[in-house]
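Fit chain B to the known structure of chain A by using the hints.
Just so you know, the sequences run in chain order A and B.
In case it helps, our numbering puts the first sequence at residues 6 to 320.
In case it helps, our numbering puts the second sequence at residues 9 to 294.
These aren't lab readings, by the way, just hints derived from the structure by calculation.
Please note that a few of the clues may not be correct.
[Unchecked claim] With a cut-off of at most 25 angstroms between alpha-carbon atoms, the simulated DSS-like pairs for lysine-lysine come out as follows:
#: 1; chain 1: A; residue 1: 26; chain 2: B; residue 2: 189
#: 2; chain 1: B; residue 1: 208; chain 2: B; residue 2: 281
#: 3; chain 1: B; residue 1: 189; chain 2: A; residue 2: 32
#: 4; chain 1: B; residue 1: 208; chain 2: B; residue 2: 285
#: 5; chain 1: B; residue 1: 189; chain 2: B; residue 2: 208
[Said to hold, decoys possible] Stretches of chain A that chain B covers, calculated by requiring three or more beta carbons in the stretch to come under 8 angstroms of a beta carbon on chain B:
#: 6; stretch: 74 to 84
#: 7; stretch: 92 to 104
#: 8; stretch: 268 to 278
#: 9; stretch: 283 to 292
Since the structure is predicted, the reported quantities are computational estimates derived from the model, not experimental observations.
Note that CB positions come from ideal geometry on N, CA and C, so glycine has one too.
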Amino acid sequence: MNNTVSTKITDAETTVPRINKRRQTVKATLEGLLYLAPTLLILGIFTFLPIISTFRLSLNRVAPFGNQTLFVGLDNYVRLLTDPDYWAIVRTSLIFMVATVAIGIVLAVGLAIALSVPVKRLSWFHRLLIFVPIVISSAVTGVIFRWLYHPVVGYINYWLSLVGIEGPNWLATKDWALIAVIIAVIWNQLGFNVIIALAGVQNIDGTYYEAAKVDGANVWHRIRHITLPLLSPTIFFLTVINLINSLQIFGQIDVLTQGGPGQATTTLIYNIYYDAFVGTPQRGIASAQAYLLAILILVITLIQFRGGGRRVHYQ
Amino acid sequence: MSTTTPQKSKRRKIDYHELFLQIALIALGLFVALPIFIAILTSFKAPADVINYPPTLLPNEWTLDNYFTAWNSTPFGRYLLNSFIQSGLITLAQVTFSILAAYAFAVLQFPGRDFLFWVILGSLMIPFQLTFIPNFIVISDMGLANTYAGLTLPFLASAVGVFLLRQFFLTIPRDLYDSAKIDGAGNWRYLWQIVVPLSKGAISAFAIFAFLSAWNQYLWPLIVTNDNLMRTTQIGIRYFMTTQDRGQDWGAIMAGAVIVMIPTLVAFLVAQKQLVKGIAMTGLKG
Numbered sequence: 006m007n008n009t010v011s012t013k014i015t016d017a018e019t020t021v022p023r024i025n026k027r028r029q030t031v032k033a034t035l036e037g038l039l040y041l042a043p044t045l046l047i048l049g050i051f052t053f054l055p056i057i058s059t060f061r062l063s064l065n066r067v068a069p070f071g072n073q074t075l076f077v078g079l080d081n082y083v084r085l086l087t088d089p090d091y092w093a094i095v096r097t098s099l100i101f102m103v104a105t106v107a108i109g110i111v112l113a114v115g116l117a118i119a120l121s122v123p124v125k126r127l128s129w130f131h132r133l134l135i136f137v138p139i140v141i142s143s144a145v146t147g148v149i150f151r152w153l154y155h156p157v158v159g160y161i162n163y164w165l166s167l168v169g170i171e172g173p174n175w176l177a178t179k180d181w182a183l184i185a186v187i188i189a190v191i192w193n194q195l196g197f198n199v200i201i202a203l204a205g206v207q208n209i210d211g212t213y214y215e216a217a218k219v220d221g222a223n224v225w226h227r228i229r230h231i232t233l234p235l236l237s238p239t240i241f242f243l244t245v246i247n248l249i250n251s252l253q254i255f256g257q258i259d260v261l262t263q264g265g266p267g268q269a270t271t272t273l274i275y276n277i278y279y280d281a282f283v284g285t286p287q288r289g290i291a292s293a294q295a296y297l298l299a300i301l302i303l304v305i306t307l308i309q310f311r312g313g314g315r316r317v318h319y320q
Numbered sequence: 009m010s011t012t013t014p015q016k017s018k019r020r021k022i023d024y025h026e027l028f029l030q031i032a033l034i035a036l037g038l039f040v041a042l043p044i045f046i047a048i049l050t051s052f053k054a055p056a057d058v059i060n061y062p063p064t065l066l067p068n069e070w071t072l073d074n075y076f077t078a079w080n081s082t083p084f085g086r087y088l089l090n091s092f093i094q095s096g097l098i099t100l101a102q103v104t105f106s107i108l109a110a111y112a113f114a115v116l117q118f119p120g121r122d123f124l125f126w127v128i129l130g131s132l133m134i135p136f137q138l139t140f141i142p143n144f145i146v147i148s149d150m151g152l153a154n155t156y157a158g159l160t161l162p163f164l165a166s167a168v169g170v171f172l173l174r175q176f177f178l179t180i181p182r183d184l185y186d187s188a189k190i191d192g193a194g195n196w197r198y199l200w201q202i203v204v205p206l207s208k209g210a211i212s213a214f215a216i217f218a219f220l221s222a223w224n225q226y227l228w229p230l231i232v233t234n235d236n237l238m239r240t241t242q243i244g245i246r247y248f249m250t251t252q253d254r255g256q257d258w259g260a261i262m263a264g265a266v267i268v269m270i271p272t273l274v275a276f277l278v279a280q281k282q283l284v285k286g287i288a289m290t291g292l293k294g
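So that you can see chain A by itself, here it is in the shape it has in the complex (with noise of 0.2 angstroms):
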């Protein structure tokens, strides 16, 4: 008797904690799956689906007339990449990619370092009046610049006067409209450049310019061997992050030159939005240009990743 009543025991003592166990695993994990439910639903619908749904369109063609859709394969693919005037598109996106990223770091880092000199009483004056673009939108910035840019009585073109030079009709003129998107777009994204690259050269240690200080540099010398070498991680952390912004600007372009004169200023979104959106939507090719598109952002993401993800500080 004794010795069957402590076996159950036993054996009770063993399994009850074993069963409790796994009951609480299951319903740890349905705790955490109901925490993470909105928003692994709202990802999974709008963000990951879509990526195939993407891809079947990019397959299809819609007939010219009429609503049939046809199966097409990689046609629309082919079609792009044998098509001039996508890879002229191309051409003006890698223009204004290069010219909007190259220009607008030298910018920012170039202000970043002259706001850090430690002058505290303007600071915070100058700050504010540096960052202020990032909170102004994309349309908002596409319809100030318009107005600078009026051709008879715009800013721009009279201040340009100022110092002899006749400007152009900017936005209706080919090589011009280019130029002025460009000018938009880097004003737009100063703020937000110009407090990335801050950081990075507040994150360098003071001790550098105390010991340089020493040594007799000036303000020069220490920027050019200190603050420079010391900012490449930073500098190479932006490079990418505006390379991918640059490839997505969309607003600015819609405002200021709905992709003209001509196709003067059409980028590659600028065109997927064309194809899907005005007149007869080509969703077909639309997709596939935005496949195209995906790629080449996911090419510069990934040599983020290999070449400088490890440097790049967050804190």
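Frame of chain A, contents of chain B only:
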């Protein structure tokens, strides 16, 4: 920096450089902010004054006429309401859902957790243009074009928010959790009564960030609305500009632009510090 005072002459010399930089900087700063000043000043000019050549910076006489014109010729009030609803819904949902998900990733323990975390982070790699065409088709097939649901649904969750808040929640000592457990508090109570109040700073920084990027959205509201009364401010100002441009009424257009950017300027003035910190920390703009 200010603690060391080596030979005086050397400090003097450096100060000249710095003085020069400061003066150059004031000029540069004003130059950077100049387009915004011009927009604001133009909006207060009388119509004839606006198209005067050469253009002056300050109005000859200050007037609010442009604001009345803009407000009366286009439903700016409605645009503002739409934008507040759209941005408010997006912010509220992103903050709430990110808090929940971040809590699961930072505090709860269950199999598959880390995998799911990488899945959510992975969504950051997917650029918007890869999703917006099918999303538009889904939203319009559901009859949600020109609705607040259509404007907001794809943006109700934020991987950035989850990541940011998780990082912050991880800094809360585990002991707090254990003692809350001993006191009989469940996860739900621990999250809302302890974790959230402790993370107010991080949460509000993310909220401002979410609000600004929602407010400034352009491409999605452009394609998902074609009813004038459902447009957000950004799309409203775009169409307002194209109609007024023909009449060369740039005073009214600038008044419209000022109306559209006031909420963001206010947010910037109030939360400059958090905003700057958030951007510096994440390298993300939204």
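Right, here's what the structure says about each hint:
1. A:26 x B:189: Given pair residue 26 of chain A, residue 189 of chain B holds - Cα atoms ~17 angstroms apart, limit 25 angstroms.
2. B:208 x B:281: 15 angstroms, holds
3. B:189 x A:32: Cα-Cα ~16 angstroms, so holds.
4. B:208 x B:285: 15 angstroms, holds
5. B:189 x B:208: 22 angstroms, holds
6. 74 to 84: Coverage by chain B is violated for the stretch 74 to 84 of chain A (0 residues, Cβ < 8 angstroms).
7. 92 to 104: violated (count 0)
8. 268 to 278: holds (count 3)
9. 283 to 292: holds (count 3)
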